[in-house]
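J.: Read off the chains here:
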Amino acid sequence: MAKAIKIKKNVEEGLFDFLKSLLEKEKINGVFTLKKMDDNGAISYSLITSPDEFKDAVPLYPFMPVNAGKALSSFTLLGKTEEPIAAVLRPCELRAFVELVKRAQGDLENFLIISPTCGGVLSLNLMGDKNQEKIVSQYWTSVQKAEISPDTRETCQFCENFLPINADITVAALGNKDLDKEFILFLNSPKGEEFAKHAEGSAVSEEIETKEINEFRKKREELREKFFKETGKEGEGLKSLINIFAPCLGCHGCSHVCPICYCVLCDFDAKTHEYHSASLSLDLKNKGGLKVPTGNLLFHLGRMTHMAVSCVNCGMCSDVCPVNIPVATVFSKVGSSLQKVFNYFPGKDIEEPAPQGTYKEEEFKTIGEQ
Amino acid sequence: MEKKFKPNIVGFLCNWCSYAGADLAGSSKTDVDSSLSVIRVMCSSRVNSNLVLSALLWGSDGVLVAGCHPGDCHYEKGNYYARRRFALLKKIAEVLNLEPDRIQLSWISASEGKRYAEVVNKFAEDISKLGPNPLTSNPKV
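First to last, the sequence lines map onto chains A and B. Position 269, counted from 1, in the first sequence is what this note's numbering calls 269; the numbers after and before it change by one each time, with no gaps. Quick note: to get this note's numbering, add 370 to the position in the second sequence (first position is 1).
No lab work stands behind these hints, which were simulated from the structure alone. A hint or two may mislead.
[What the hints assert, rightly or not] Computed, partial: chain A to chain B, Cβ under 10 Å: (1) Glu236; (2) Leu249; (3) His252; (4) Lys291; (5) Thr305; (6) Ala308; (7) Val309; (8) Lys360.
The beta-carbon is built from N, C-alpha and C at its ideal position, and this holds for glycine as well.
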């Protein structure tokens, strides 16, 4: 039986009060959370240290303006934070951060990680929408009923890993019908238990895997199959790949927002991948024409070989794509088959090295023998 | 008379084993298919997947990567990494249905001049059967 406490408050309010009290009692030095930036609905991640600034914090607001894993990595690239900081992030963002820590791009040590059971996040183009409040309240209704909200990102709609891994405290939100009255915090680590003493809750014995959660997972698995089938129909190969990536502008936005793409200088942003006029006549002879910008397919395939096996399915890439290419779905589809090959679950175990950075002597025995 | 298709194959050969194997094949006057253009690399693990993809998208019909047998790497473990990388690339080509047979990884040691010739001749024959690479000739790529 997992350790848990029940707090008799609305989930957003309860979590807000808990974090605020930690900050006021100086148990933590800062809170990394989503925050309202103005009255027009703009939401952004912030690291808040002053209790006065905390009034606009909205820790569970269903937006992902940046992948928080990437943001936390930028704070801890040179080592752990000096003071303890509470961070509220979604399960995929946490897995992204773990992947970055594995690659020596961050440090988990001084964070109190709080993560909800996740119903997904809304598409970023809904931020600032005149119906934003209404959409958000519909979102919360679907979370209470453990239903898939149609306004969430495509990747969220088929995400099966909506329960946080490696979180100190899990906020149980999905499938809780009384979310506006009470909610449960699961305490997964001694650190989580220590800090949760400052929450006004009573100990309960509950399991995180409820009937609702299991049914929700099944719904998502069904959608996953559907999306994978529709994206890049099997058997068409090159043709479907060209169709998917044909509108690509070559802005490389997908790689810039990707938490796994952490290289300081991407191979594809480097001089080596600029089109060289010396090859023009040969290319024209081979191809009978040239698509511009050149090298888009190479960029996507190349990026795929580098990061798809560690893809955490956060959906940032699809969400920022100006021409609506389902980048995340394609990468997720390829990524899930790569993860099977290497028996790898991105962001699960901090000790497990990334597949490209390790090897076993006894594996892939048939490769190279032909 | 119709001209027979002669493929354009890029071969990344590791300096310590496969390149020396190719050298041996040459010095023992073994017949080796001429469609392979050799690029010498210091280790098979030097071959970034992007190099293989670049070759396939911009002019070559097949890519051969060759290195020392597992356990014999000059740098002790380079070819183990190369093997993983290749497994990954091959799987991507399979999932996306992009003719995974156009890429091959082979272990060829410095003393295997004969094996080098066999591998290259066999690969060239396989690629000839597959025909021209659609990635290379497609103006939309």
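J.: All hints are to be evaluated individually against the structure, with a verdict given for each.
T.: A quick look at each hint next to the structure:
1. Interface restraint check for glutamate 236/A: the shortest CB-CB distance to chain B comes to about 7 Å, inside 10 Å, so the restraint holds.
2. Given the 10 Å rule on beta carbons, the hint for leucine 249/A is violated: about 15 Å separates it from the nearest Cβ of chain B.
3. Contact between histidine 252/A and chain B, as hinted, is not supported at the beta carbon level, the nearest pair being about 14 Å apart and thus beyond 10 Å.
4. For lysine 291/A, the interface hint holds, the least distance from its beta-carbon to any beta-carbon of chain B being 5 Å, beneath 10 Å.
5. A cut of 10 Å between beta carbons decides the hint on threonine 305/A: the least distance to chain B is about 4 Å, and the hint holds.
6. Proximity of alanine 308/A to chain B holds as hinted, the smallest CB-CB distance being about 7 Å (cut-off 10 Å).
7. Hint on valine 309/A holds. Least Cβ distance to chain B is approximately 6 Å, under the 10 Å limit.
8. Hint status for lysine 360/A relative to chain B: holds, with the closest Cβ pair at about 8 Å, below 10 Å.
Hint compliance for this structure: hints 2 and 3 are broken, all remaining hints hold.
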